[in-house]
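Peer 1: Sequence:
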Amino acid sequence: MTTRDVQDATGATAHIVPPGTAEHVPLPHGGAFELLADAGDTGGALGVNRLTLGEGADGARPHHHSRSTELFYVLDGVVEFLVGGGGTTTVARGGLVVVPPGTPHAFGAAAGATADLLAVLTPGVDRFGYFRALGRIQHGLDTFESLLPEQDRYDVHFLGGTVAADWDSARARARTGRAPSR
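In UniProt numbering, the protein residues as written are 1 to 182.
No lab work stands behind these hints: they were computed from the structure. A virtual CB, placed ideally from N, CA and C, is assigned to each residue, including glycine. Check before you lean on any hint, since a few could be wrong.
[Said to hold, decoys possible] Across the chosen pairs, the derived CB separations fall in these ranges: (1) G85 with I16: 36 to 42 Å; (2) G95 with F158: 32 to 38 Å; (3) A165 with G95: 23 to 29 Å; (4) G87 with G140: 30 to 36 Å; (5) D168 with P26: 20 to 26 Å; (6) R136 with H157: 18 to 24 Å; (7) P149 with G54: 24 to 30 Å; (8) A12 with R93: 32 to 38 Å; (9) H139 with P101: 28 to 34 Å.
Use the sequences and the hints to build the structure in full.
Peer 2: Structure (structure tokens):
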């Protein structure tokens with residue numbers, strides 16, 4: 001059985017993704033995206049993907065969404081989150097993080113841990129192209145700069161300055177147990 005849409009008598013359409021049929025975008029160190037539902041599959045209601053990260057691997061650098069709320073459910077492992085300006089928070093299996101529009105956030109697998117996340121964005125934005133681009137970037141087939149002109153299209157607005165520097169410093173400390181050298 002493959003991914004399919006089923007319409008009922010009222011005209012509503014259900015999107016069905018049987019196990020093993022989602023598009024798989026491999027990432028280095030054993031990680032991957034499973035692309036489950038894009039906005040176009042759900043009438044714009046939401047987008048859903050599953051992200052697995054290898055031990056201590058970065059997930060997303062600091063960014064915000066101007067139009068959408070993002071929900072993360074930790075299926076397994078331990079994830080380090082930056083949400084807003086309050087430092088980092090560690091969330092283990094069974095934990096939930098909901099990030100409202102405009103809130104800076106970033107995440108990655110905690111030091112010494114892997115991570116398995118279900119991510120839901122609502123309202124949905126067609127972002128499968130974004131996840132495919134991230135896969136190419138992670139494998140050195142494209143550059144991060146290639147995503148910068150696409151920030152509005154994917155509603156992923158990358159942050160620099162203090163937020164990014166603080167996140168980079170926190171991730172370096174988590175991996176090495178000390179602050180990075182500058």
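Peer 1: What hint numbers does the structure not satisfy?
Peer 2: 2
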